[in-house]
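Q: Here's the letter readout for the chains.
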Amino acid sequence: MNIAVILKQVPDLAEELEIADSGAELDPDEISWVLNEFDDHALEEALQLKEATGGTVTAVALGGEDVADALYTALAKGADTALKVGDFETPPATHAAARTLAGVLGGRGFDLILTGVQAIDDVDGWTAPVVAGYLGVPHVSVVTHIAPADGGVTVNQEYAGGVVAELDVHTPAVLGVQAARAVPRYAPVSKVRQAMQTSTIEEVDAEAAAGTGVTVRRLFAPEAGGHAEMLSGGADAVAERLVEILKERGLVG
Amino acid sequence: MSQDIFTLVEHRDGQVTEGSFELIGKAKALAAAAGGKAVAVVLGDDLGAITAQLGGADAVIQVAGASVADFTPTAYVAAVSALLREREPALMLFTGSAEGMDSSAGLSATLGLPLAGYATDVSREGDAAVVTSQVYGGKLMAEAVLEGATALVSAIAGAFPADAGRGDGSPAVETVDAPAADVRVTFRRLIHPEAADVDITKEDILVAVGRGIGDADEIEIVEELAEALGGAVACSRPVVDAGWLPKARQVGKSGHKVKPKLYVAVGISGAPEHLEGMRDAELIVAINSDAKAPIFGVAHYGISEDLFDVVPALTELVAG
Ligand SMILES: Cc1cc2nc3c(=O)[nH]c(=O)nc-3n(C[C@H](O)[C@H](O)[C@H](O)COP(=O)(O)OP(=O)(O)OC[C@H]3O[C@@H](n4cnc5c(N)ncnc54)[C@H](O)[C@@H]3O)c2cc1C
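In order, the protein sequences belong to chains A and B. If you're matching positions, the first sequence starts at 0 in numbering that gives the first Met the number 0 and goes up one per residue. If you're matching positions, the second sequence starts at 0 in numbering that gives the first Met the number 0 and goes up one per residue.
Careful: at least some of the hints might be erroneous.
What the hints assert, rightly or not - Quick list of simulated restraints, FRET-style, between CB atoms:
#1 B:Ala32 - A:Pro27: 48 to 54 Å
#2 A:Lys246 - B:Ala290: 24 to 30 Å
#3 A:Thr199 - B:Phe186: 41 to 47 Å
#4 A:Lys246 - B:Ala163: 45 to 51 Å
#5 B:Ala32 - A:Glu243: 43 to 49 Å
#6 A:Glu222 - B:Ala163: 20 to 26 Å
#7 B:Lys258 - A:His226: 20 to 26 Å
#8 B:Ala51 - A:Ala19: 46 to 52 Å
#9 A:Ala236 - B:Glu124: 27 to 33 Å
#10 B:Ile190 - A:Ala19: 50 to 56 Å
#11 A:Glu206 - B:Ala179: 33 to 39 Å
#12 B:Ala33 - A:Gly150: 24 to 30 Å
#13 A:Asp68 - B:Asp44: 48 to 54 Å
#14 B:Thr174 - A:Glu201: 50 to 56 Å
What the hints assert, rightly or not - Straight line, CA to CA, 25 Å or less: simulated SDA-like cross-link-like pairs of lysine to any residue:
#15 B:Lys201 - A:Arg248
#16 B:Lys291 - B:Leu139
#17 B:Lys258 - A:Ile244
Calculated from the structure, these hints are not laboratory results. A virtual CB, placed ideally from N, CA and C, is assigned to each residue, including glycine.
The following block holds chain A by itself, in its conformation from the complex (with noise of 0.2 Å):
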């Protein structure tokens, strides 16, 4: 199988988020960039799938900050190339990127196209099935195992309480993975210096497409309303403190 993964960077939520003078979106100079975490699992399941079966893995992601890294740290994990589409310099929404990986992923003649279910700036919908629609293959999101079967796939879906649907996927087709077989593996960052030395990320040339209606007006923290009474003073006071209110409403004897 060949398989494509398509990566994406998102804010680090450990850091401060700064939200941007617009008053819309955040300040870019302030982000810190992490890959998106179920990306690092689309990542792990197709590099188990290729070494289980055979078949290429390709990195994908569109050209913005700290891409390379990702690109080069897949590389570094076992993928056989990357591909950087266009140069971004905020990363679009999701129809928009979907709509520019689509156009460059459609004609190479990948068998699976994997991403993580999500990312944590998605607003306008997640970027498997969007990309599945515009390339017009069926797509499964929220998928927890994958296997190969005649003709395609078979995959796991999970639902609420841990029930999941077996379903037969025929490929081309474009899944969204939220966990992979096993802990995404680390690469060391030696192994990503050598990456960098020794392979060259394919670079192709994509222009910004146009989103689907939907436009952010406002970024705001959420109202503190609902907000929790905070106990300070250190951890033995604040130890004392809950206790004693355990023991008040019956919860500690």
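Once you've looked at the hints, dock chain B with the ligand against the given chain A.
A: Chain B with the ligand alone, transformed into the frame defined by chain A:
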């Protein structure tokens, strides 16, 4: 464009899901304000018992046939596309589940309709829909304007009250034929999880651990606290994906929905998918070193300290 508001109804094991009632309630309010109808759209093979639960809607459209007997993205998108093209409702509401994601996003790309996910609120300004979405793991909200023939909205579970969508009316039920089978995706079977040693939905006290614990070996300190409190250990999804605790302990959208007397969240950020499973707990205590973690938005008491200091101190005091 009509002023009707459609909802895609989900059902499992003969029951309409809670999330579907939440959408129907919201659709009714929006439709009433615009002078349209709240239309529940339900797909399946044998729907009599399902449509009987949809008395809260103003009208029901059932798409009946073998090709939609079970959920598949291709069949659902094909069936609903035909309806949307023909009827052009102002809005169509979906849940945030796998079904809701695949249906809404597949339709949006296929029909070129605007879509917003993670909605916590929906309103209308003229012909446009205005949607408030939870983004960045619940740390920020985005307000988006959707312009197009029909705006598609996938909502977060719990965004609207479910009771508003229940009712004992008897709306007209229109039957529409299901599309021909699409062989590209076929349903094989549902797999239910194996029975677990502990049923976290039945525990009065849960100490839930998240990725903040950092390492499998450290989970011990949370087990000790749970034991001292006479409760059980639960967890967020990444803890299961890392293989640190079994799936049966997972709380949230793809795990269990719990409602204990006490829920102590340790090193859990409070992503919408986690909150969905525990926000109704009677007393929620959160321990998280990030004072801006969204978990503090639903917790009653918050402790913004290092869990490795607080948890052992608590255990010691409780164990006495
Ligand atoms: C379709 C779908 C279904 C999902 N279903 C679920 C589900 O059922 N349940 C679920 O939980 N998630 C689910 N998720 C995943 C969800 O989106 C989040 O990724 C997940 O809830 C995050 O888990 P977490 O809070 O443990 O980890 P993180 O978000 O990584 O949070 C870790 C927290 O620990 C804190 N921390 C770190 N170190 C310390 C310390 N020393 N002391 C105190 N605090 C510390 C950090 O500040 C941070 O807030 C689902 C996602 C998708 C796409």
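Q: Hints first: check each against the structure and report whether it holds.
A: Evaluated hints:
1. B:Ala32 - A:Pro27: 48 to 54 Å: For A:Pro27 against B:Ala32, whose Cβ atoms are near 38 Å apart, the range 48 to 54 Å is violated.
2. A:Lys246 - B:Ala290: 24 to 30 Å: holds, 26 Å
3. A:Thr199 - B:Phe186: 41 to 47 Å: holds, 43 Å
4. A:Lys246 - B:Ala163: 45 to 51 Å: violated, 38 Å
5. B:Ala32 - A:Glu243: 43 to 49 Å: holds, 48 Å
6. A:Glu222 - B:Ala163: 20 to 26 Å: Holds - the Cβ-Cβ distance for A:Glu222 and B:Ala163, about 22 Å, lies within 20 to 26 Å.
7. B:Lys258 - A:His226: 20 to 26 Å: For B:Lys258 and A:His226 the Cβ distance comes to about 21 Å; the hint holds.
8. B:Ala51 - A:Ala19: 46 to 52 Å: holds, 51 Å
9. A:Ala236 - B:Glu124: 27 to 33 Å: Violated - the Cβ-Cβ distance for A:Ala236 and B:Glu124, about 49 Å, lies outside 27 to 33 Å.
10. B:Ile190 - A:Ala19: 50 to 56 Å: At roughly 46 Å between Cβ atoms, A:Ala19 and B:Ile190 fall outside 50 to 56 Å, so the hint is violated.
11. A:Glu206 - B:Ala179: 33 to 39 Å: holds, 38 Å
12. B:Ala33 - A:Gly150: 24 to 30 Å: Between B:Ala33 and A:Gly150, where Cβ atoms are some 46 Å apart, the hint is violated.
13. A:Asp68 - B:Asp44: 48 to 54 Å: Holds: the Cβ-Cβ distance is about 49 Å, inside 48 to 54 Å.
14. B:Thr174 - A:Glu201: 50 to 56 Å: Holds - the Cβ-Cβ distance for B:Thr174 and A:Glu201, about 52 Å, lies within 50 to 56 Å.
15. B:Lys201 - A:Arg248: Holds - the C-alpha atoms of A:Arg248 and B:Lys201 are around 19 Å apart, at most 25 Å.
16. B:Lys291 - B:Leu139: Given that 25 Å is the threshold and the Cα spacing comes to 10 Å, the pair holds.
17. B:Lys258 - A:Ile244: holds, 19 Å
Hint violations for this structure: numbers 1, 4, 9, 10, 12, all remaining hints satisfied.
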